[in-house]
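Peer 1: Take a look at the letters that make up each chain.
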Amino acid sequence: LAKTTQPISMDSYEGQEVNITCSHNNIATNDYITWYQQFPSQGPRFIIQGYKTKVTNEVASLFIPADRKSSTLSLPRVSLSDTAVYYCLILATGGFKTIFGAGTRLFVKA
Amino acid sequence: NAGVMQNPRHLVRRRGQEARLRCSPMKGHSHVYWYRQLPEEGLKFMVYLQKENIIDESGMPKERFSAEFPKEGPSILRIQQVVRGDSAAYFCASSPPKNPLPEAFFGQGTRLTVV
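Protein chains in written order, with the working numbering: chain A, 1 to 110; chain B, 1001 to 1115.
Simulated from the structure, these hints should not be mistaken for lab results.
All figures in this text were calculated on a predicted structure; none of them were measured in a lab.
Be a bit skeptical, because a hint or two may be false.
Straight-line Cα separation of at most 27 Å, DSSO-like style, residue types lysine-lysine; simulated pairs [unchecked claim]:
| id | chain 1 | residue 1 | chain 2 | residue 2 |
| --- | --- | --- | --- | --- |
| 1 | B | K1071 | B | K1044 |
| 2 | B | K1027 | A | K3 |
| 3 | B | K1044 | A | K69 |
| 4 | B | K1071 | B | K1051 |
| 5 | A | K109 | A | K97 |
| 6 | A | K3 | A | K97 |
| 7 | A | K52 | A | K69 |
| 8 | A | K97 | B | K1044 |
| 9 | B | K1027 | B | K1051 |
| 10 | A | K97 | B | K1027 |
| 11 | A | K97 | B | K1051 |
| 12 | A | K52 | A | K109 |
| 13 | B | K1062 | A | K3 |
| 14 | B | K1044 | B | K1062 |
| 15 | A | K109 | A | K69 |
| 16 | A | K54 | A | K97 |
| 17 | B | K1027 | B | K1044 |
| 18 | A | K97 | A | K69 |
| 19 | A | K97 | B | K1062 |
| 20 | B | K1071 | A | K97 |
| 21 | A | K69 | A | K3 |
| 22 | B | K1051 | B | K1062 |
| 23 | B | K1027 | A | K52 |
| 24 | B | K1071 | B | K1027 |
| 25 | A | K97 | A | K52 |
Stretch-level coverage of chain B by chain A, calculated; a stretch enters the list once three of its residues show a Cβ under 8 Å from a Cβ in chain A [as the list claims (entries may be wrong)]:
| id | segment |
| --- | --- |
| 26 | 1048-1059 |
| 27 | 1066-1072 |
| 28 | 1106-1112 |
Derived list of chain A stretches under chain B, where covered just means 3 residues or more per stretch with a C-beta under 8 Å from a C-beta of chain B [unchecked claim]:
| id | segment |
| --- | --- |
| 29 | 3-9 |
| 30 | 98-110 |
For each residue, glycine too, the CB sits at the ideal point set by N, CA and C.
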């Protein structure tokens, strides 16, 4: 299992862009970079997944440099409801046997 | 289409009792995964089941824990003779046959408290 390192916590204000970086130095060729969001007392929810370069959906963008040893989740114009824990995972295609890690606790202030 | 349903949401057991956690996957999903989350920690994989089969139980403790996913009915995670260290949130996820994570959807979890 590829190990990931991400900040323990981050603070932001409403309307700002938030970038959360994850390091994954031993990512393998078949691995995908995947981000989940978890609110208190709820299960994780898939946000975005990418393999290389940039991926964007209606919720976030994911930036992956050429060496794929890190990635950055970008949340545009956060709101109070984006306060949650964000997990960076490295998953092989069809992978499920994973450890989510402690994640990054994002706290958005008014 | 209802999401992944877990019950009970909260379960309190005394040390030595048995805990049964239920997970009903989303309609059309035949794969179920169980994860455990200790307080202030991330989720850890426990077991992967398909209907009537355990595919991977490498994350399950060797003793007291078992899981099943019968042909009919929900998946059950069973913990016998619970101890205080079993207190955690247990999450179930389900997916269609094609691909597990990230297409898997998680339930809201069962919070087990052992007193």
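Peer 1: Does K3(A) sit within 27 Å of K1027(B), going by the straight-line distance between their CA atoms?
Peer 2: The hint is violated at about 33 Å.
Peer 1: Confirm or reject the coverage of the segment 1048-1059 of chain B by chain A under the rule of 3 or more residues with a beta carbon closer than 8 Å to the chain's beta carbons.
Peer 2: Result for this restraint: holds, n = 4.
Peer 1: Next pair to validate is K1062(B) with K3(A); report whether the Cα-Cα distance is within 27 Å.
Peer 2: 24 Å, holds
Peer 1: Taking only the CA atoms, is the gap from K1027(B) to K1044(B) under or equal to 27 Å?
Peer 2: Satisfied, since the Cα-Cα distance of roughly 25 Å is no more than 27 Å.
Peer 1: Regarding the pair K52(A) and K69(A), is the alpha-carbon distance no greater than 27 Å?
Peer 2: Distance of about 10 Å is within 27 Å: holds.
Peer 1: K1044(B) and K69(A) were given as a pair; does the straight-line alpha-carbon distance stay at or below 27 Å?
Peer 2: 23 Å, holds
Peer 1: Is K97(A) within 27 Å of K1044(B), Cα to Cα?
Peer 2: 8 Å, holds
Peer 1: Hey, K1071(B) versus K97(A), does the alpha-carbon distance stay inside 27 Å?
Peer 2: Cα-Cα ~23 Å, so holds.
Peer 1: Between K1027(B) and K52(A), is the straight-line Cα distance small enough, at 27 Å or below?
Peer 2: 33 Å, violated
Peer 1: For the pair supplied as a hint, K1071(B) and K1044(B), confirm whether the alpha-carbon distance does not exceed 27 Å.
Peer 2: 26 Å, holds
Peer 1: Can the restraint linking K1051(B) and K1062(B) be considered satisfied, given a maximum Cα separation of 27 Å?
Peer 2: At roughly 22 Å apart (the allowed maximum being 27 Å), K1062(B) and K1051(B) satisfy the hint.
Peer 1: Are the Cα positions of K97(A) and K52(A) separated by 27 Å at most?
Peer 2: Given pair K97(A), K52(A) holds - Cα atoms ~22 Å apart, limit 27 Å.
Going through the hint list in order, the structure does not satisfy hints 2, 5, 12, 15, 23, 27, 29.
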